[in-house]
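Protein chains in written order, with my numbering: chain B, 59 to 308; chain L, 354 to 456.
I should point out that these hints are in silico values taken from the structure, not numbers from a laboratory. Beta carbons: idealized from backbone N, C-alpha and C, even for Gly. Please note: incorrect hints may appear among the correct ones.
As the list claims (entries may be wrong) - Between beta-carbon pairs, the in silico distance windows are:
hint	chain 1	residue 1	chain 2	residue 2	range
1	L	Ser416	B	Phe255	41 to 51 Å
2	B	Pro241	L	Ser416	47 to 57 Å
3	L	Gln391	B	Asn136	19 to 29 Å
4	L	Ala419	B	Pro265	42 to 52 Å
5	B	Phe255	L	Pro368	19 to 29 Å
6	B	Asp292	L	Tyr453	21 to 31 Å
7	B	Leu281	L	Glu451	47 to 57 Å
8	B	Asn124	L	Ile452	52 to 62 Å
9	B	Leu281	L	Lys403	51 to 61 Å
10	B	Leu126	L	Ala419	43 to 53 Å
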Amino acid sequence: MTPLTTASNPVKLKWTADASVAKLSETILKDLQVDADKMQEEGEDIDDNPKYQNNIQDPSPEVKVNQLIRFNLIHHRNSDSSIPTLKLFKSFTSALRSLDQFLLILPVNSTKQNLPALSNVTQINSTDQNRMLTYFKPYFNKQQYSLSGYFHVSSSLSLQELMASSSVYEWLEIKRYAIKQSPSNSEEMVQIGALCFSSEYIYREDPKMAITKHPSWSFPTLLEPPIIHLTKGDFQGLENSTKMIFVCSE
Amino acid sequence: MLLYIPLNDNITYEPGYRQKVIFNHDNYLGNEAALCIQGLADLNTNAVLKNSTQVSLQLLLRSLPAPKGMQTSQLFRLVEQSNSGNVILATYYEEDQEIYIQP
């Protein structure tokens, strides 16, 4: 009968004393000796200090870094829509979220970044009209049936990868929308001025280039000059409006 | 000519001021219409005239004289690449539309 061990009289067994381990070691040693003899007969050099191949792979998992992306959705001209903006918002953001589990829908306004992001489908589906306006800035104030406007997301995928995916591509095609990346991903672009007497048909890259290459376009206190962008829009009066080129900046 | 109007001034919220800007802007430009030209070479391409002068295609198109009866002395008011980059836009006054749609 095996004596019971207690804390007062512990049995100290060393693994080397285990008969089966010792026997196995002896077998392995014999096999190694046989292999070494064979190699010597064949004229091969025997390395006394064999190098073991390190089969351990890099244990650090691939960490995907999220990037901030600002873009705007543009509804194609002459395409009707009877779907309310809120419903469009939910279906579009759900399509985006289904692609990337790390995707976050962030507040558009850069001063409201402390508000929580929409990170899952439950949050997206529970969004109401007022909450939606934190995460989506429409082109017009009373926009009820269009998702034309600005978005701010954080994703491990690039905007091109998001757009190329089947679910987003299908959504854009069926609902007749196009995506355009914002010139600045760090801050939203706001209208700071308008160019009076500018034709709406002007090639906007030329005046933009002329502004940014001008000697007075220097900002010694900033690391980089602000990004500007020229857009076409309506200059609204009380009763009428006119097409004008607007200067937008970060 | 371009005049920059800052939109962060309080004056830009005054209806009278906005009305004045719209009036001046529309009066200066008139009713503008545009036609699209596709398949033409890049507007910066140089063309050689008979007298061996080199001019850009854009300048050449803008210099085309207008036929009699038009409000301007040139055929096109503006010749620009479209912002999408697909076509070339040439603008004219809407009042002269008949000249451009003649067969």
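*Measuring from beta carbon to beta carbon, are aspartate 292(B) and tyrosine 453(L) in 21 to 31 Å?*
About 26 Å separates the Cβ atoms of aspartate 292(B) and tyrosine 453(L), which means 21 to 31 Å holds.
_47 to 57 Å was suggested as the range; check whether the CB atoms of proline 241(B) and serine 416(L) agree with it._
violated (34 Å)
*Falls inside 41 to 51 Å, the C-beta gap from serine 416(L) to phenylalanine 255(B)?*
violated (22 Å)
*Has the hinted range 52 to 62 Å been met by the Cβ atoms of asparagine 124(B) and isoleucine 452(L)?*
holds (57 Å)
*asked:* Within 19 to 29 Å: is that where the Cβ-Cβ distance between glutamine 391(L) and asparagine 136(B) falls?
replied: holds (20 Å)
*Range agreement (Cβ of lysine 403(L) with Cβ of leucine 281(B), hint 51 to 61 Å)*: Given range 51 to 61 Å: holds, Cβ gap about 53 Å.
*May I ask you to test the hint 42 to 52 Å on the CB atoms belonging to alanine 419(L) and proline 265(B)?*
Between alanine 419(L) and proline 265(B), where Cβ atoms are some 26 Å apart, the hint is violated.
_Taking 19 to 29 Å as the stated bounds, is the beta-carbon spacing between phenylalanine 255(B) and proline 368(L) within them?_
For phenylalanine 255(B) and proline 368(L) the Cβ distance comes to about 21 Å; the hint holds.
*Indicate whether the distance between the beta carbons of leucine 126(B) and alanine 419(L) respects the range 43 to 53 Å.*
51 Å Cβ-Cβ, so the 43 to 53 Å window holds.
*Indicate whether the distance between the beta carbons of leucine 281(B) and glutamate 451(L) respects the range 47 to 57 Å.*
For leucine 281(B) and glutamate 451(L) the Cβ distance comes to about 56 Å; the hint holds.
Checked against the numbered hints above, the structure breaks hints 1, 2 and 4 and satisfies the rest.
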